[in-house]
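Generate coordinates for the entire structure from the input sequences, incorporating the hints supplied.
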Amino acid sequence: MEYQKLKTMVEDGVKYETYLTPETREVVSEIALQATLSMENGNKEAQDIVNTLREAELEREALVKKEEMEYRKILRREENEERRAGYIHASILLYFIFIFGILIATTLLIFKN
Amino acid sequence: MNENSMILQDNLFYLNAWFSRLSNKNPDIKIFENKLLWNHDQITEQISLNEFYLPSLLYNQSFQMDLQRDELTWEDLFRIIRIHQYAIDYQKEKQLSQIFITSFETKRDENHQDIILITNSIGKQFVIRNQILKVQSLYEQLQKQNKYVNFDLFQKELEKI
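Protein chains in written order, with our numbering: chain A, 1 to 113; chain L, 114 to 274.
Source of the hints: derived by calculation from the structure; they are not laboratory data. There could be a bad hint or two in this list.
Taking lysine to aspartate or glutamate and the EDC-like style, the derived pairs with C-alpha atoms no more than 16 Å apart in a straight line are [claimed, not checked]:
id, chain 1, residue 1, chain 2, residue 2
1, A, K5, L, E184
2, L, K205, L, E164
3, A, K15, L, E158
4, A, K15, L, E184
5, A, K7, A, E57
6, A, K5, L, D179
7, A, K15, L, D189
8, A, K44, A, E17
9, A, K15, L, E164
10, L, K207, A, E26
11, L, K205, A, D48
12, L, K205, A, E2
13, L, K237, L, D202
14, L, K207, A, E23
15, L, K205, A, E23
16, L, K205, A, E57
17, A, K7, L, E253
18, A, K5, L, E206
19, L, K247, L, E270
20, A, K44, A, E67
21, A, K5, A, D48
Below, the structure is given as structure tokens:
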């Protein structure tokens, strides 16, 4: 197979790994392995394929980190919102207890008099 | 209707549906006859749509979900299909590279004409009736490079004669 096609396969294989069928994923791994072995024998095209593979992996890693950070941000925001909602609920509850307390106190005072 | 045209029909149906579902379009990607084309960087890439069954991609849950959620672009879709097509081409080439000539015999047919009878490692036989000497010398030449002559390589070299 042409070297350019192998390079494209490795590059896209990493980028779209989650969308591949098991057979295609196996082919991509095989190409990556063969390129690594050929690179050790001084094959320049294989070296280029391995470099492309590394670049694609780094890109994916960066993307995963970015997604992870975004996910953490969302989690933190949700936590904050939950906490805020908790405070509001507690304040409402306290407000009602306070009103109820005043009502009881007023009633007791009325009955005492 | 043969198998390829049935695959093509199904593929076109699914592909049109997928493309219409995705909002991030690319006018440089088109379906033309039985090919999927992408014009970019002054080249036109094409993928044959009658060689593998595209709906099989839907077995992948991530693909199916992201397609439904409109999280893929037309370009992503083209590249996903392209990598599957390349993988199939790669496997075909690999299979061909594993077929060798197991027997190469010079015989005479019923009309007393010289023929070459070639058998490959998957048991298929081929008869060559023309340019016997050239074919024989080609085989010997290839055998010098490698004891077991690759059938695909032999066929390619044969076309040059």
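Evaluation of the provided hints:
With a C-alpha separation of about 26 Å, the suggested pair A:K5 and L:E184 falls outside the 16 Å cut-off, and the hint is violated. With a C-alpha separation of about 12 Å, the suggested pair L:K205 and L:E164 falls inside the 16 Å cut-off, and the hint holds. Straight-line distance between C-alpha atoms of A:K15 and L:E158 comes to about 19 Å, which puts the hinted pair past the 16 Å bound. Note on A:K15 and L:E184: the hinted pairing holds, with a Cα-Cα distance of about 14 Å set against a maximum of 16 Å.
Between A:K7 and A:E57 the alpha-carbon distance is near 13 Å, which keeps this suggested pair within the 16 Å criterion. At most 16 Å may separate the alpha-carbon atoms for a hinted pair to count; A:K5 and L:D179 exceed this at roughly 26 Å. Under the criterion of a C-alpha separation no larger than 16 Å, the hint pairing A:K15 with L:D189 is consistent with the structure, at around 10 Å. A hinted pair counts as satisfied when its Cα atoms are at most 16 Å apart, and A:K44 with A:E17 does not qualify at roughly 25 Å.
For the suggested pair A:K15 and L:E164, the alpha carbons sit about 24 Å apart, so the restraint of at most 16 Å is broken. Distance check on the hinted pair: L:K207 and A:E26 sit about 13 Å apart at the alpha-carbon level, within 16 Å; holds. For the proposed pair L:K205 and A:D48, the alpha carbon gap of about 24 Å is over 16 Å, so the pair is violated. This hinted pair checks out: L:K205 and A:E2 have alpha carbons roughly 14 Å apart, not beyond 16 Å.
For a cut-off of 16 Å, the pair hint linking L:K237 to L:D202 is broken: about 22 Å separates their Cα positions. Taking the CA atoms of L:K207 and A:E23, the gap is near 14 Å; set against the 16 Å cutoff, the hint holds. For the proposed pair L:K205 and A:E23, the alpha carbon gap of about 13 Å is at most 16 Å, so the pair holds. Among the hinted pairs, L:K205 with A:E57 is inconsistent with the structure: their alpha-carbon atoms are about 27 Å apart, more than 16 Å.
Taking the CA atoms of A:K7 and L:E253, the gap is near 35 Å; set against the 16 Å cutoff, the hint is violated. For a cut-off of 16 Å, the pair hint linking A:K5 to L:E206 stands: about 13 Å separates their Cα positions. A C-alpha spacing of about 11 Å is found between L:K247 and L:E270, which places the hinted pair at or below 16 Å, so the restraint holds. A hinted pair counts as satisfied when its Cα atoms are at most 16 Å apart, and A:K44 with A:E67 does not qualify at roughly 34 Å.
Among the hinted pairs, A:K5 with A:D48 is consistent with the structure: their alpha-carbon atoms are about 12 Å apart, no more than 16 Å.
Checked against the numbered hints listed earlier, the structure breaks hints 1, 3, 6, 8, 9, 11, 13, 16, 17 and 20; every other hint is satisfied.
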